[in-house]
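Please take these sequences and the hints and turn them into a complete structure.
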Amino acid sequence: MQSTKIFFHYIVNALYRPKRIFQVIKNAFLDLKFGGKYLGVSLQNFDEKKGYINTGSSEYSCLEILFSKVNISESDVIVDLGCGKGRVINWFLNKNIKNRILGIEVHPEIADFTRNRLKKYKQVEIMTGCVGEDIRLIEQGTIFYLYHPFRERLMKIFSDQLLTLINTKMSHGKARPLIVYHNSCYLPIFENNPKWEIQKLGRIGEHESAIIYPNQEI
4 MQSTKIFFHY IVNALYRPKR IFQVIKNAFL DLKFGGKYLG VSLQNFDEKK
54 GYINTGSSEY SCLEILFSKV NISESDVIVD LGCGKGRVIN WFLNKNIKNR
104 ILGIEVHPEI ADFTRNRLKK YKQVEIMTGC VGEDIRLIEQ GTIFYLYHPF
154 RERLMKIFSD QLLTLINTKM SHGKARPLIV YHNSCYLPIF ENNPKWEIQK
204 LGRIGEHESA IIYPNQEI
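My numbering numbers the first residue of the sequence shown as 4 and each following residue consecutively.
Hints are supplied without guarantee of correctness; some may be wrong.
[Unchecked claim] Just the calculated beta-carbon pair ranges, DEER-fashion: (1) Ile75 - Phe32: 37 to 45 Å; (2) Arg154 - Ser76: 30 to 38 Å; (3) Leu33 - Asp163: 31 to 39 Å; (4) Pro197 - Glu112: 35 to 43 Å; (5) Asn97 - Asn170: 32 to 40 Å; (6) Ile28 - Asn170: 40 to 48 Å; (7) Lys203 - Thr171: 23 to 31 Å; (8) Asn218 - Ile75: 16 to 24 Å; (9) Lys198 - Ile68: 22 to 30 Å; (10) Arg154 - Pro111: 19 to 27 Å.
It should be emphasised that the hints constitute simulated quantities derived from the structure, not laboratory data.
Everything numeric in this text was worked out from a predicted model, so none of it was measured.
Think of the CB as a built atom: it goes at the ideal place given N, C-alpha and C, for glycine as much as any other residue.
Here's what the structure looks like:
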């Protein structure tokens, strides 16, 4: 009932932006297809001081554009870093992508919700934890999706963790690990490190975005 009320609230708001209403309906359709819940509502983050951003949901239309730039191979393990309620995972499932998909979420209640919602999909695993505290959470990943999940300090730690995995030969080949960074607020962390290559995608939806991968010449 609460999800229905929220959905109609978004529909009413979208009436003031006619182009937006079609996107809201499409988002709701795919949300409901996988787990019967509308996911387009931001949740307050009670760990802001620790560097985490409020839990939000990516737009399916943006994911379509972002991942059209990425060649996903059969061996790739896809990680949604800060997966929240799992809309990005919905998108992969709807595309019938068979790869293993890991969602990492720091908030136990949200992680439990998403884990329960997607429990019938055996290729999906939702893990609870903080990337800044445990490198093991990301060591299996080859493609990472980030929708502005945390502040600058944690982004720097994440970058350093990936470089550590590369240096210990735990990365998985050329142009891996690859990061799809939507709402790329802290892109300078990667731009200022010659060990990373940056492909700027410009504005996708409402946010600047980029693809990041290791510099093969270093």
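Cross-check of the supplied hints:
1. Ile75 - Phe32: 37 to 45 Å: Since Ile75 and Phe32 have Cβ atoms about 24 Å apart, the given range 37 to 45 Å is violated.
2. Arg154 - Ser76: 30 to 38 Å: Between Arg154 and Ser76, where Cβ atoms are some 32 Å apart, the hint holds.
3. Leu33 - Asp163: 31 to 39 Å: Between Leu33 and Asp163, where Cβ atoms are some 35 Å apart, the hint holds.
4. Pro197 - Glu112: 35 to 43 Å: 40 Å, holds
5. Asn97 - Asn170: 32 to 40 Å: Since the Cβ atoms of Asn97 and Asn170 sit about 36 Å apart, the hinted range of 32 to 40 Å holds.
6. Ile28 - Asn170: 40 to 48 Å: This hint holds: roughly 47 Å between Cβ atoms.
7. Lys203 - Thr171: 23 to 31 Å: Hint holds: Cβ distance 29 Å, inside 23 to 31 Å.
8. Asn218 - Ile75: 16 to 24 Å: 21 Å, holds
9. Lys198 - Ile68: 22 to 30 Å: 27 Å, holds
10. Arg154 - Pro111: 19 to 27 Å: For Arg154 and Pro111 the Cβ distance comes to about 20 Å; the hint holds.
Going down the numbered hints, you'll see the structure goes against just number 1.
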